[in-house]
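Chain Y is fixed; fit chain V onto it per the hints.
2 protein chains.
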Amino acid sequence: MPKHDGTGKRSTRPEPALREVLRVPGGDRVDLTAYDPSAIPAGPADKAAGLAATAALAPRLADLQERLYASSTAGDRRRVLLVLQGMDTSGKGGTVKHVIGQLNPSGCRIHAFKKPTREERSHPFLWRIMKALPGPGEIGIFDRSHYEDVLIARVRELVPRAQLDRRYEQINRFEASLAEEGVTVVKVFLHLSYEEQRERLLERLDNPEKHWKFNPGDIEERALWPAYREAYETALERCNSDEAPWYRVPANRKWYRNWAISKLLLEHLQALDPRYPPGDYDVDACRRRLLAT
Amino acid sequence: MPKHDGTGKRSTRPEPALREVLRVPGGDRVDLTAYDPSAIPAGPADKAAGLAATAALAPRLADLQERLYASSTAGDRRRVLLVLQGMDTSGKGGTVKHVIGQLNPSGCRIHAFKKPTREERSHPFLWRIMKALPGPGEIGIFDRSHYEDVLIARVRELVPRAQLDRRYEQINRFEASLAEEGVTVVKVFLHLSYEEQRERLLERLDNPEKHWKFNPGDIEERALWPAYREAYETALERCNSDEAPWYRVPANRKWYRNWAISKLLLEHLQALDPRYPPGDYDVDACRRRLLAT
Chain Y
83 MPKHDGTGKR STRPEPALRE VLRVPGGDRV DLTAYDPSAI PAGPADKAAG
133 LAATAALAPR LADLQERLYA SSTAGDRRRV LLVLQGMDTS GKGGTVKHVI
183 GQLNPSGCRI HAFKKPTREE RSHPFLWRIM KALPGPGEIG IFDRSHYEDV
233 LIARVRELVP RAQLDRRYEQ INRFEASLAE EGVTVVKVFL HLSYEEQRER
283 LLERLDNPEK HWKFNPGDIE ERALWPAYRE AYETALERCN SDEAPWYRVP
333 ANRKWYRNWA ISKLLLEHLQ ALDPRYPPGD YDVDACRRRL LAT
Chain V
83 MPKHDGTGKR STRPEPALRE VLRVPGGDRV DLTAYDPSAI PAGPADKAAG
133 LAATAALAPR LADLQERLYA SSTAGDRRRV LLVLQGMDTS GKGGTVKHVI
183 GQLNPSGCRI HAFKKPTREE RSHPFLWRIM KALPGPGEIG IFDRSHYEDV
233 LIARVRELVP RAQLDRRYEQ INRFEASLAE EGVTVVKVFL HLSYEEQRER
283 LLERLDNPEK HWKFNPGDIE ERALWPAYRE AYETALERCN SDEAPWYRVP
333 ANRKWYRNWA ISKLLLEHLQ ALDPRYPPGD YDVDACRRRL LAT
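So the sequences go chain by chain: Y and V.
The first sequence runs 83 to 375 under our numbering.
The second sequence runs 83 to 375 under our numbering.
The following block holds chain Y by itself, in its conformation from the complex (with noise of 0.2 angstroms):
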C-alpha cells in the first residue's frame, strides 16, 4: 500500500511499479493460498479512489497504444501480448470490456480461447495459440491461452502425464521466441476467492439476463477448486521467466482488478517508451503540392 501522511496526501516517496510489487517471485515453490485475492497490494485504497485512477489511466494507455502503432509503421516489429488466466468468473471477459475498451479498438487483437475444435486437437496445442498473436504495433489480448493446455489438460487428464509434463517446456521455449521477436508478454492470473466465485454464480442464476453467462457445467469445475489451484500453481512456477512473467492480480474486487491490469499494461507500454516515427518523405513539399489542389 501506498504511505499516506494525515493530510491524506499520498507521500513524495515514489511508489514501486506495480509490477514488482505483483510479480509472481520466480525460483520459489508458489503458494496460491499465501494470497488474499480481496487484498489491495498497492495503489488506490477504495473503490472511488479505484475508479478514478483507471480512468485517469485511459488516456496515457490511449496515447501509449497510438505511439506502438505509429512506430510500427515504420518497421518497429514491437507488440504487447496480455494473456488473461483465472477460474470462471474470475474477470476474463470483465478485463476485456473495462480494461481494452478503454483503448482503440483498431490497435486491439483479442482472442477468447474455447474448447478446441477437431482441427486445432490435430495440431501441437501451440497451433491455435500462434494463429492468434497480435501483429506489429498491436496489443493482444488472450482470455485463456495456451495454459489451458496445461490447467483444464492436467485436471481434467486430457493428455498422457509425459505429455502434458513436456508442455511447461515447450511453453517456455515458445515464450522465449516471442520475447526475442519483440513480443511484450504480460501474463495476469486473476486471483478470485472460491467464495467469490460461489457469489458470482449466483448473481448469474438470480438475474435472468445473465443465465446465458451461466453453464450448469461450471459447478462441475468448481468441485475441482483444489485441483485447478494446484494445477496454476505448477504453471506459475514452472513457466515464470523474465522474458515472460506472471502477475498475480487480486481479482475479488472489479474495480481493484482494472485498474491493476491498467496499469500494469501502463507500466510495460512505458518500458517500451514508442516514439512517433519521422516522416520518409519533404514535409514542405508535400505542403506546397497540397496547397496548389
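Everything labelled a hint here was simulated from the structure, so no lab data went into it.
Wrong hints could be hidden among the right ones.
A pair counts as met if it fits within one copy or between any two copies, since identical chains are not told apart.
Unchecked claim - Below, a list of computed lysine-lysine pairs in the DSSO-like style, where the Cα atoms sit at most 27 angstroms apart:
| id | residue 1 | residue 2 |
| --- | --- | --- |
| 1 | K129 | K197 |
| 2 | K197 | K292 |
| 3 | K213 | K292 |
| 4 | K213 | K196 |
| 5 | K213 | K197 |
| 6 | K196 | K129 |
| 7 | K336 | K292 |
| 8 | K213 | K336 |
| 9 | K336 | K179 |
| 10 | K213 | K129 |
| 11 | K196 | K295 |
| 12 | K129 | K292 |
| 13 | K179 | K213 |
| 14 | K197 | K179 |
| 15 | K197 | K295 |
Okay, now just chain V, sitting in the frame of chain Y:
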C-alpha cells in the same frame, strides 16, 4: 433537420429514422455533387449537442451489443457487418476509434483491408473478405472492403474492364447471400469534400505526431478525385439493395459523423431486437447445488 419550437426543445413530432434520411435512394443515378458533406440532415444541430447525443447512445449500443452476443450463445446466427468506405482522411479510422470504441471490444471483429497480398491476389477478390466476416453475435467492422475492388481497381485500371464490370454483380450476389445467412450489412459512405480533405492532409503535415499517417501517395490519389467520385457513384448505384443498403454520411464534421454512424448502428440493432436467451437448465436446482459448495 428535426423541428424545434421556440424554446429550443424538440417538438413532439417523431423524427424519421436516420436510416431513411441517409439511405442512398435505389434505382436512381447517384450524383454526389448534389449533396453537401457539411450538411446536418437530421439529429443534433451543433457540436455540443452532437457529442452529448453520441454519449447518450453509447449505453444503448452496448446493451444491444451484449444482447446480440448473448443470443448467439443460444444458436441465434445473426450478426452485423458495418462497412466503412470513403476517401483518405474521410474518417474510417476515427469512426472505429470513436464509435466502435463505445462497444465491448470482445464482440467486435475489426478488419482493415490493405493492398492485397500476393496470396490474396491469387484468389477471387471476395476470398479475403469472406475470411474476415464476423461470427454469430458479433459486430464486424470493415475499414475498407470488397468495394476497393471496384474503386481503386476501377480508377487505377487494375483489372480488365470486363472483369471489373462483373464484380458489381458478384458483390450483389455475395451480399444477398450474407443477408440470407443472417448478416445485417450496413454500408456507410463517408462523404468528405475535396476542400476538407486538403485541410486534413495539411493537419497531418503540420503535426509531427501525425506524420506517420501521411503518405506522399495520398496527393497522387487526391489528384484522381473526380475519377474516384465517379467510381463511388457507380458502386453506390449498382450495389445498393434493400438487403445491403448504402448510407451516405456527411463526414466534414467529425462529431456529426460519429453521431450519425452510432445512430445508424443503433437503429439496425434495434430492428434485430436481440433477446437474452433463457437458460436451458434448472435454475433452482443449480442454485441449491451451488449453495451446498
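Consistency of the hints with the structure:
1. K129 x K197: neither (35 angstroms within a copy, 47 angstroms between copies)
2. K197 x K292: Intra 21 angstroms, inter 42 angstroms, cutoff 27 angstroms: intra-copy only.
3. K213 x K292: neither (31 angstroms within a copy, 31 angstroms between copies)
4. K213 x K196: Close inside one copy (14 angstroms) and across copies (19 angstroms); limit 27 angstroms.
5. K213 x K197: both (16 angstroms within a copy, 21 angstroms between copies)
6. K196 x K129: For K196 and K129, the Cα distance exceeds 27 angstroms both inside one copy (32 angstroms) and across copies (43 angstroms).
7. K336 x K292: within (17 angstroms within a copy, 36 angstroms between copies)
8. K213 x K336: The answer is neither: 30 angstroms in one copy and 36 angstroms across copies each exceed 27 angstroms.
9. K336 x K179: Both, since 12 angstroms and 25 angstroms are each at most 27 angstroms.
10. K213 x K129: neither (38 angstroms within a copy, 43 angstroms between copies)
11. K196 x K295: within (14 angstroms within a copy, 36 angstroms between copies)
12. K129 x K292: within (24 angstroms within a copy, 37 angstroms between copies)
13. K179 x K213: both (23 angstroms within a copy, 25 angstroms between copies)
14. K197 x K179: Only inside one copy: K197 and K179 sit 22 angstroms apart there, 31 angstroms across copies, limit 27 angstroms.
15. K197 x K295: within (16 angstroms within a copy, 40 angstroms between copies)
Hints 1, 3, 6, 8, 10 from the list above are not met by this structure, while the remaining hints are.
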